[in-house]
Amino acid sequence: DGVAALPAPQNLSVQSTNMKHVLTWSPVVVPEEIIHYSVEYQGEYESLYMSHIWIPSSWCSPTQGPECDITDDITATVPYSLRVRATLDSLTSAWSTLKHPFNRNSTVLTPPGMEITKDGFHLIIKLEDLGPQFEFFVAYWKREPGAKEHVKMVRRGGIPVHLETMEPGAAHCVKVRTFVKAIRRHSAFSQTECVKVQGETLPL
Amino acid sequence: LKTLHLGSCMITSSLQAIQSGFSEIQDRQPKDEIIDLRILRKTQPLQDTKPAGQCCLLHHVLRLYLDRVFKNYQTPDHRILQKISGLANSFLTIKKDLWLCHVHMACPCGEEAMEKYSQLMSHFKELQPPAAVVKALGELDILLSWMEEMD
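Chains A and B supply the protein sequences, listed in that same order. According to this note's numbering, the first sequence is numbered sequentially starting from 1189. According to this note's numbering, the second sequence is numbered sequentially starting from 7.
These are calculated hints, taken from the structure and not from any lab test. All values derive from a computational prediction rather than experimental measurement. Be a bit skeptical, because a hint or two may be false.
To be verified - Stretch-level coverage of chain B by chain A, calculated; a stretch enters the list once three of its residues show a Cβ under 8 Å from a Cβ in chain A:
no.: 1; segment: 70 to 84
no.: 2; segment: 96 to 104
To be verified - To give an idea of the interface, some chain A residues facing chain B are shown, with a C-beta separation under 10 Å as derived from the structure:
no.: 3; residue: E1232
no.: 4; residue: E1234
no.: 5; residue: M1238
no.: 6; residue: I1243
no.: 7; residue: T1259
no.: 8; residue: D1261
no.: 9; residue: V1266
no.: 10; residue: P1320
no.: 11; residue: A1370
no.: 12; residue: H1374
Said to hold, decoys possible - Here are some chain B residues pointing at chain A (derived, C-beta under 10 Å):
no.: 13; residue: L7
no.: 14; residue: G27
no.: 15; residue: L87
no.: 16; residue: I90
no.: 17; residue: S91
no.: 18; residue: L93
no.: 19; residue: A137
Positions of the beta carbon are idealized from the N, C-alpha and C atoms, including for glycine.
Please model the entire structure based on the sequences and the hints provided.
Here it is as structure tokens:
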């Protein structure tokens, strides 16, 4: 019945950065043929309460590329099992299952991009828009001995935010990290950037 | 992420994400025309449950959804399956947090909570299983609005 005539995809793995999760695998190669793949998943609920049920992924049932964006399928902070199979016309491979279930709390959180600008004496920051799950912890201070560090939580990226009114002639510095409530984790701080009201941005 | 205060038990939950998943299910579901058959709606309002009993009642209601509703919901619609999976796994996460409260004696089951839950279960059992499952899923908005008020 052709079920195992096609080799199953191998080397399944998930790359996850900043809450974007991509499942990849080694392509099944049949000369001059186009292979399609189907991806399915099981959250912890399915594996505990209805282990025979697998759910077709939102974007990859079927798909041609040896990868699948599963971000929209991983919607809870629980372990998810993932499996892939190949199909060629009526031929279907066996399922290959990810060795270890994936939990989004293992995503790699990178320091966010930021753009520091001056508007007159006003210090303005614009943060990388990483999506609705991200908040930003912005620390800023005047570069002088014993200066107090101020903190501001910014709920969304992509929009300019006023941090403070700067003192002429003094350098003002900023660093930022992200925070993702859904997984209760934050990224490392970004590089510190300083700006002087009359000068250009001073890289550290 | 929202913090839910249930008497001496406090948990956080992504209610907004759960609500949007449920809204998409509602959009794809035929409108519920049978209005004389009710489950949550016929039960005494969850809203006026005393804080001390909220954790226990919510824990039992979530267990009902996990054990008997999501599991038995049949649909050929992959999109609905995906959304129900999201709901179920989010509810599972909440239930685990409530269980921690229970372990730390912060989730007492008083008479009021148990009375409401048994009322709810009797309404659930009045219906045939498939109808009860569809009805309970359709009334999730009542449960979510109750949880929304727990801040």
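Tested hints:
no., hint, result
1, 70 to 84, "holds (count 5)"
2, 96 to 104, "holds (count 4)"
3, E1232, "holds, 6 Å"
4, E1234, "holds, 6 Å"
5, M1238, "holds, 5 Å"
6, I1243, "holds, 5 Å"
7, T1259, "violated, 12 Å"
8, D1261, "holds, 6 Å"
9, V1266, "holds, 5 Å"
10, P1320, "holds, 9 Å"
11, A1370, "holds, 6 Å"
12, H1374, "violated, 13 Å"
13, L7, "holds, 4 Å"
14, G27, "holds, 7 Å"
15, L87, "holds, 5 Å"
16, I90, "holds, 9 Å"
17, S91, "holds, 5 Å"
18, L93, "holds, 9 Å"
19, A137, "violated, 20 Å"
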